[in-house]
Structure formats: structure tokens, C-alpha cells
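A.B. asks: Quick note on numbering: the sequence shown equals residues -4 to 351 in the numbering used here.
Mixed in with the good hints there might be a few duds.
[As the list claims (entries may be wrong)] Under the rule of at most 30 Å between Cα atoms (straight-line distance), these lysine-lysine pairs were calculated in the DSSO-like manner:
#1 K161 <-> K81
#2 K161 <-> K232
#3 K270 <-> K308
#4 K184 <-> K232
#5 K342 <-> K232
#6 K81 <-> K270
#7 K308 <-> K161
#8 K308 <-> K81
#9 K81 <-> K190
#10 K161 <-> K190
[Said to hold, decoys possible] Cβ-Cβ distance ranges computed for the label pairs, FRET-style:
#11 I336 <-> N264: 39 to 45 Å
#12 G335 <-> R223: 22 to 28 Å
#13 T172 <-> P265: 50 to 56 Å
#14 I147 <-> R212: 15 to 21 Å
If you're looking for bench data, these hints aren't it; they were derived computationally from the structure.
Glycine included, every Cβ here is placed at the ideal spot set by N, Cα and C.
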Amino acid sequence: MNTNDPSTTSSFRNKVLCFLAALLLAILTIFAVFKGGGISVGELASSIRDASPPCLILSVSGMFGFIFFEGAALTVIVRSLGYPTKHQRGFVYSAADIYFSAITPSASGGQPASAFFMIRDGIPATAVMAALLLNLIMYTMAVITFGLFALILYPEIFLHFSPLCKVFILIGIITLTALALGFYLLMRKQQLLQKLALGMASLLDRLHCHRLARRIRHKLDDALEEYRQCVDLIFGKRKMLLQVYLLNLLQRLSQLLVTVFTFLAMHGNPARLIKLFATQIYVVLGSNSMPVPGAMGVADYLMINGYMELMTKEQAYRLEILSRGLSFYTCMILSMIVTGIGYLLLKKNTRGNNKT
-4 MNTNDPSTTS
6 SFRNKVLCFL
16 AALLLAILTI
26 FAVFKGGGIS
36 VGELASSIRD
46 ASPPCLILSV
56 SGMFGFIFFE
66 GAALTVIVRS
76 LGYPTKHQRG
86 FVYSAADIYF
96 SAITPSASGG
106 QPASAFFMIR
116 DGIPATAVMA
126 ALLLNLIMYT
136 MAVITFGLFA
146 LILYPEIFLH
156 FSPLCKVFIL
166 IGIITLTALA
176 LGFYLLMRKQ
186 QLLQKLALGM
196 ASLLDRLHCH
206 RLARRIRHKL
216 DDALEEYRQC
226 VDLIFGKRKM
236 LLQVYLLNLL
246 QRLSQLLVTV
256 FTFLAMHGNP
266 ARLIKLFATQ
276 IYVVLGSNSM
286 PVPGAMGVAD
296 YLMINGYMEL
306 MTKEQAYRLE
316 ILSRGLSFYT
326 CMILSMIVTG
336 IGYLLLKKNT
346 RGNNKT
């Protein structure tokens, strides 16, 4: 890394600012939840000690599965394009995506981080773009699938949310549907990508970055042709598409089950499990597209509002703190560690190759 490069310095500064902003928002959110629920750290620790160990293990497994299944899906796509990739590398791609999505305002903010590792592993940029776009489509379709399940079978749960929560959920449904359509069009209609690239080149010209603009225009036709070939190859493999869709369903299911198993660990009433599951789906719909790092604050508000229809206020706050702590904060920390280790190993391998 050239630390004297202004673009590198700016990128590093932006990452630090995003991390600090996310950290501050996390602290404020956690403080607000503890204060709103009237729960002390000691009381929370007591709840954890009294929890069912097997159910807590299942909750942790769900958190781990959220990272694992995305990595498995990316591995399947990349292999279908002819690039042998180990599952360990797929886990790193997934961890990078999840971590950077958690500290940036966009839910897809982690895609460039995944792309960085994939390209450094020798996968061409056009194949990386096609793979990440396909996975985004399948991820979005998985969320929509669970959303349809909740809307068709448990519409009354939606009606129990507060008016503001209903607005969040409706915005989420509309946004997810638009994203799924937009991602699909970017894959099937390469003219849209061409227009976006030319628009970017024009913007760079206005910013007096003429050399970069010329480079984009010079390589555009060849890059689009390579991208088209990757897309045609992907959509010609229906078995692979189904496999990736199912893996994305499992990824989303893993995260949803964190709340379910945490509720059981706290000795919650099993008769409420299916409604709790549906409630958590609405939480995902309402928080997935919010322009806030990790949907912090928004997701917490939706969870508490929905849970209080199924249990007491104190139980709702305890469940929110524990399940959110596992499904988001612990998951983010684990993803950060995996991403850091993956980056260090990448640098070590690069130095070794340079020496030889």
C-alpha cells in the first residue's frame, strides 16, 4: 500500500470515520435500549447465567451460519465461472461484506470489500462483478421470500406494529423489490452498465481526471464483452442458480433463528415461537434498507416494538439486547477479525511471491 497516494489516504480516512461513526451510534443505541428497558448490566449477566446452554449454542451457531452460508454461495458462483475457490476464502469474502456493510450506511456497502479479496485471489473483475450482483439478487429474493411468508400467513402481526414501524416495513418492501429488479437489469441489460460507465467517465472529465476517464472508455468494450460471457454462463446453469438461492435462504434463516433460539434460551413460551419468527421477518423487512450503518437504532426500535406484542416489556428488552448482541454486534466483531486475518495473510503471501 502506498501511504503517500492521496486516494489511499482518503480511502483509509473514510474507513476510520465510518468505523468511528458506527461505534458512536452503537454506543448510543445500546445505552438507549438499556435505559428504556430499565435493565442493568448485572441483570443482563444474570439472565445469561440462567439461560439454557444448548439454546445459546444454537443461537451462536445461527450467527456463525449467517457468515458461512453467504461465503458458501459466493464459492459456488465463483466455481461455476471456472475459478477454483476454497470455502475458507468464501468465508473471508462473506466476512468482509458483512463487516463493511455494518459500518457503512448502505446495506451493500461491503461489496467492494468482498471484491477486493476476490480480485486479489486472481478472479477477474468482470467475473467478480457478475458473482456479486448474482448473490445480491439471490440475497434480496431470499428476504422477499420470507417477507411473503409473513405477509400471507401473519398479516395481523404487521398491523400490531406502530405507525412508524409500518412505514419502515413498507419502505423496506418497496426498496427490496426495486433493488431485486435493478440488480437483475444490470446483469441482463449490459447497456445500462455501459451508460453508467460512460456517465462516470464524463463525471471524471468534469473533475479533470482525464487519464482515468480515458482508461475507462478504452477498456469498456472488452470489459462488457467479458462480463456478458460471465452472465450468460451463470444464467445457463439453473442447478447452480437454485443452489445459490437456497444457500441465501439458509443464510437469512440462520440470522432469524438467532432470535428464536435466544428466546428459548431465556425460557420463553414455545407456543409463541412461530409468531416471534414472523415478527423478526418484519424487523428484517423494515431495517434492511435503512441508510444507517447496520440499521442501528431502526432495527432495535422495530424489535422492541414487535416483541412487546408477544411478551412483557422487560422480557422484550432482554430478548432484544441478547439476540441483537449475537446476530449483529458479535457477528460484526467476528467478521472484523476474519477480515483482518484474511488481509494480513494476503499481504504475507504477496511479500512471499515478490521475494521469489
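A.B. asks: Confirm or reject each hint.
C.D. replies: Verification of the supplied hints:
1. K161 <-> K81: 42 Å, violated
2. K161 <-> K232: Since the Cα atoms of K161 and K232 sit roughly 39 Å apart, the hinted pair is violated (cutoff 30 Å).
3. K270 <-> K308: Measuring from Cα to Cα gives roughly 17 Å; hence the hint holds.
4. K184 <-> K232: 18 Å, holds
5. K342 <-> K232: 35 Å, violated
6. K81 <-> K270: 38 Å, violated
7. K308 <-> K161: 20 Å, holds
8. K308 <-> K81: At roughly 46 Å apart (the allowed maximum being 30 Å), K81 and K308 break the hint.
9. K81 <-> K190: Between K81 and K190 the Cα gap is close to 35 Å, so the pair fails against 30 Å, i.e. violated.
10. K161 <-> K190: 36 Å, violated
11. I336 <-> N264: 39 to 45 Å: 41 Å, holds
12. G335 <-> R223: 22 to 28 Å: 36 Å, violated
13. T172 <-> P265: 50 to 56 Å: Between T172 and P265, where Cβ atoms are some 34 Å apart, the hint is violated.
14. I147 <-> R212: 15 to 21 Å: 48 Å, violated
Comparing the model with each earlier hint shows violations of hints 1, 2, 5, 6, 8, 9, 10, 12, 13 and 14; every other hint is respected.
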